[in-house]
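> Build the full structure now, drawing on both the sequences and the hints.
First to last, the sequence lines map onto chains A and B.
Residue numbers for the first sequence follow my numbering, so the first one is 1 and each next one is one higher.
Residue numbers for the second sequence follow my numbering, so the first one is 1 and each next one is one higher.
Do not take every clue at face value.
Stated by the list, open to error - Pairs of lysine to any residue residues, derived as SDA-like cross-links and limited to a Cα-Cα distance of at most 20 Å, are as follows:
| no. | chain 1 | residue 1 | chain 2 | residue 2 |
| --- | --- | --- | --- | --- |
| 1 | A | K451 | B | Q25 |
| 2 | A | K32 | B | R183 |
| 3 | A | K229 | A | A75 |
| 4 | B | K40 | A | E455 |
| 5 | A | K451 | B | A182 |
| 6 | A | K229 | A | L193 |
| 7 | A | K229 | A | G219 |
| 8 | A | K451 | B | K40 |
| 9 | A | K451 | B | P45 |
| 10 | A | K451 | B | S153 |
| 11 | A | K229 | A | D196 |
| 12 | B | K40 | A | R456 |
| 13 | A | K229 | A | V128 |
| 14 | B | K40 | A | S453 |
| 15 | B | K40 | A | T452 |
| 16 | A | K451 | B | D44 |
| 17 | A | K32 | B | S153 |
| 18 | A | K451 | B | T42 |
| 19 | A | K32 | B | A182 |
| 20 | B | K40 | A | E459 |
| 21 | B | K40 | A | R460 |
| 22 | B | K40 | A | A450 |
| 23 | A | K229 | A | S268 |
To be verified - With beta-carbon atoms standing in for the labels, derived distance ranges:
| no. | chain 1 | residue 1 | chain 2 | residue 2 | range |
| --- | --- | --- | --- | --- | --- |
| 24 | A | A296 | B | A182 | 35 to 43 Å |
| 25 | B | A75 | A | A17 | 52 to 60 Å |
| 26 | B | E35 | A | R7 | 45 to 53 Å |
| 27 | A | L414 | B | R171 | 38 to 46 Å |
| 28 | B | F241 | A | G173 | 35 to 43 Å |
| 29 | B | A96 | A | G16 | 38 to 46 Å |
| 30 | B | E35 | A | G413 | 30 to 38 Å |
| 31 | B | F241 | A | G413 | 55 to 63 Å |
| 32 | B | R102 | A | E31 | 37 to 45 Å |
| 33 | B | P8 | A | E44 | 36 to 44 Å |
| 34 | A | T38 | B | R171 | 18 to 26 Å |
| 35 | B | F241 | A | G16 | 14 to 22 Å |
| 36 | B | A96 | A | L263 | 21 to 29 Å |
No wet-lab data here; the hints were simulated from the structure.
Glycine residues also receive a C-beta, built at the ideal position from the N, C-alpha and C atoms.
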Amino acid sequence: MSAALDRRALELLPRGARLGAHDAAVFALREKRDAAGTSEPDFEPLRDHARALKAHALDHLGLLLERFEARASAAGAVVHWAEDAPALNRIVHELLDARGARRVVKSKSMLTEECGLNPYLESRGIEVIDTDLGERIVQLGHEPPSHIIMPAIHRTREDIGELFARELDVPAGETDPARLTEAARRHLRAHFLGADAAITGVNFAVAESGTVVVVTNEGNADLGMSLPKLHIACLGIEKVIPGLGDLAVLLRLLARSATGQPLSVYTSLVTGPRPGAELHVVLVDNGRTRLLADDAHRRALGCIRCGACLNTCPVYRRAGGHAYDFAIPGPIGAVLAPALGGSAERRALPLASTLCGSCSAVCPVRIDLHEQLVAWRATDLPRGRAERVGARLAAAVLARPVLYGVAGRVARGLWPALSRRWPGNPASPWLASRELPAHPGASFRTRWRAKTSAERGHERSGVGS
Amino acid sequence: MPERTAAPVDVALFVPCYVDQLAPQVGLASAAVLERLGCKVTFDPRQTCCGQPFVTTGAHAEAVRLARAHAAVFAGAEAVVCPSASCVATVRRRYADLLGEREAAPLAARTFELGEFIANVLGVSDVGAAFPHRVALLESCHGLRELGLGRASEQLGGGAAGGGITERLLRGVAGLELAPIARRDECCGFGGAFSVGFPELSARIGRDKLRALAESGAEFVTGTDASCLLHLESLRAREGFGPRAIHLAEILASGTGA
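Printed below as a string of structure tokens:
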């Protein structure tokens, strides 16, 4: 009865201290975002502006992509087009293979997570080292990121100390974040120096200049792009924006919405390869044009992957990202999953929301996320026959006041039985963690009828006396 | 003393199905407050459900059917008043999708959440109630973010957060002491069908809310949505701690010597 997300949350983020720590760590990001947005007087106007510019960019995406390709090529980059995940993986592998590249350093890219690039390359004998600290942690732990900007936020520092003691040169019992980070830094430095190629994600692609923009806090993407001779940048086609002025708007929103920083520590604009090196840019569709053609849902493509909707989501914070079983968890993941995710289980993710609406209220580009969730529910939910018949029956009863009254009386009679736990009790999901409310006695309409007839009685007797 | 409005206003009471069946006292209290403020209150027993559960579970055809019936019942009403923010939000925010803008807009403009109607339409901030208790306010997500009864903590710009309509009405209640709670506008985890489809996650969110409420030292928790309150009450019954739930209408109707 209960959805897969609910079951997996119990398994992957069990009740207890770890759950509380996850909720607190993620909510702290929401609060930092609130503070940053409050201290930036233009924050709300910037959101309006970002919404409009993203809508404009999506309306003219074909034109912008062609312009980006032309300008990036003129600057010396090689632009590739990938229709889907297998195409991206193939293109990247061929580029590496043709140059004999065996060792790759990679900076954070949700797109390559979505497309499963790492396992594809690894199964072909290529070593891929994620260089973002959080990404490296989950990679060492053989698990996917659980958050789109904080990949290892489900891990405590004790977990990480244990992992590093096993995998890196760290004494057992180390939990000091500074020393753990230093160990990761030493470990990664060797990989940077020995790498044959760098793969990065892309935050924005600027059409007017053919520039790819990469935003990080650790400088790992920059080091990767600066050392090996081959840089492959992978991005979804929705990341293209018209000009550098638009970039300025989005950059002012991105870090503030994500972590509460005014700007990330590193914002690198890459236009063409550096002398003697190669820059390849792979533009990936993987379901995005399908979403673009869907007027009801295309706005979701405006997402700049800041993670603010995850941080504010009461469900995400209690479920953890892994429970979603989709590269992008939280509200934006639940909105994108039906279009990009494939499986029936992922198409059911729009149900994983209380519809509290906080996601829509924080989105820097004002995507109407919870409205999108409602809209998906009406169109694309995988639904069993029993569920469909049940809805029709319930509506048929509710549409007839007399039947509705009878059903209410029947439910009242059954109330004591429904309140007890027994196998097959239809109230079981409710009773798993709660009691049924106390027996309510007579319905409002019954009491109202009694009240009004008594008043009429008073009026009549009032006339007589 | 309660303020009274100049001319009597005809109010058609919109009692959501779950209030009718599970929290009848909320409907009666709503009528009592409105009558005390000089309204002429009627209840049309042809009403059942606004269709919200069908909207949120994606049963579009069924939602349209119920929305149409609901709109027909209230077609002639001057003002439709409802003690449930989420049902009002359904009429105001979802009916356009179900019935078309032309049919939905007039009904949406005449449908009000109870506290909103008292404060904004009747212009009353002191209903003459007395409730000498420490009370925490559970802001309804739909009241806050879809009806704009207040401003959620994540909604930036335009002055300090909080201090919405519901809170103002509570401040007008004699003897009532408001208890601030941590993460004041975090969802309670109910979410209608969500609470049944995702019982563990729903209860996790609800238990955290219950804890925040208990830590506030409140004797009662109140709000504009009986559904959220029933959820918390059901959790409290299982967990054995936390303040008792009482609907805003019951507080506003209390202590009047009636």
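> Against each hint, give a clear statement of whether it holds in the structure.
Cross-check of the supplied hints:
A distance of roughly 13 Å separates the Cα atoms of A:K451 and B:Q25; the hinted pair therefore holds under the 20 Å criterion. The straight-line distance between the Cα atoms of A:K32 and B:R183 is roughly 14 Å, inside the 20 Å bound, and the hint therefore holds. About 16 Å separates the Cα atoms of A:K229 and A:A75, which keeps this hinted pair within 20 Å; it holds. Of the pairs offered as hints, the one joining B:K40 and A:E455 holds, with about 14 Å between alpha carbons and a cut-off of 20 Å not exceeded.
Taken as a hint, the A:K451 and B:A182 pair is broken in the structure, with Cα atoms around 41 Å apart against an allowance of 20 Å. At most 20 Å may separate the alpha-carbon atoms for a hinted pair to count; A:K229 and A:L193 meet this at roughly 12 Å. Pair hint A:K229 plus A:G219 holds up; C-alpha atoms about 18 Å apart against a cutoff of 20 Å. Our distance criterion of 20 Å between C-alpha atoms is met by A:K451 and B:K40, whose separation comes to about 15 Å.
Proposed proximity of A:K451 and B:P45 is supported: the alpha carbons are some 14 Å apart, at most 20 Å. Distance check on the hinted pair: A:K451 and B:S153 sit about 42 Å apart at the alpha-carbon level, beyond 20 Å; violated. In summary, the hint linking A:K229 to A:D196 is supported, as the alpha carbons are separated by about 7 Å, within the 20 Å threshold. In summary, the hint linking B:K40 to A:R456 is supported, as the alpha carbons are separated by about 15 Å, within the 20 Å threshold.
For the proposed pair A:K229 and A:V128, the alpha carbon gap of about 16 Å is at most 20 Å, so the pair holds. Only pairs whose Cα atoms come within 20 Å are accepted, and B:K40 paired with A:S453 is accepted, the gap being roughly 16 Å. With a CA separation close to 13 Å, the supplied pair B:K40 and A:T452 stays within the 20 Å bound. With a CA separation close to 14 Å, the supplied pair A:K451 and B:D44 stays within the 20 Å bound.
About 12 Å separates the Cα atoms of A:K32 and B:S153, which keeps this hinted pair within 20 Å; it holds. Between A:K451 and B:T42 the CA atoms are separated by roughly 12 Å; this keeps the pair inside 20 Å, and the hint holds. Pair hint A:K32 plus B:A182 holds up; C-alpha atoms about 16 Å apart against a cutoff of 20 Å. Taking the CA atoms of B:K40 and A:E459, the gap is about 16 Å. The hint holds against a cut of 20 Å.
The hinted pair formed by B:K40 and A:R460 meets the criterion: a straight-line CA distance of about 19 Å does not exceed 20 Å. About 18 Å separates the Cα atoms of B:K40 and A:A450, which keeps this hinted pair within 20 Å; it holds. The suggested pairing of A:K229 with A:S268 holds, with an alpha-carbon distance near 17 Å, which does not exceed 20 Å. For A:A296 and B:A182, the Cβ-Cβ distance of about 37 Å falls inside the hinted range of 35 to 43 Å, so the restraint holds.
One distance hint, 52 to 60 Å for the beta-carbon pair B:A75 and A:A17, holds here, with the actual separation near 55 Å. A beta carbon spacing of about 49 Å between B:E35 and A:R7 agrees with the range 45 to 53 Å that was offered as a hint. Range check, A:L414 to B:R171: Cβ separation about 42 Å, and the 38 to 46 Å hint holds. The hinted range of 35 to 43 Å is satisfied by B:F241 and A:G173, whose Cβ atoms lie roughly 37 Å apart.
A hinted range of 38 to 46 Å holds for the C-beta pair B:A96 and A:G16, which are about 44 Å apart. For the pair B:E35 and A:G413, the beta carbons lie near 32 Å from each other, so the given range of 30 to 38 Å is met. As the Cβ distance of B:F241 to A:G413 is approximately 32 Å, the hint placing it in 55 to 63 Å is violated. For the hinted restraint 37 to 45 Å between B:R102 and A:E31, the CB-CB distance of approximately 43 Å keeps it satisfied.
Under the hint 36 to 44 Å, the C-beta atoms of B:P8 and A:E44, about 41 Å apart, fit the expected range. Between A:T38 and B:R171 the CB atoms are about 25 Å apart, so this pair conforms to the stated range of 18 to 26 Å. A C-beta distance of roughly 18 Å is found between B:F241 and A:G16, which places it inside the suggested range of 14 to 22 Å. Between B:A96 and A:L263 the CB atoms are about 40 Å apart, so this pair departs from the stated range of 21 to 29 Å.
The structure is inconsistent with the numbered hints 5, 10, 31, 36, although it conforms to all the rest.
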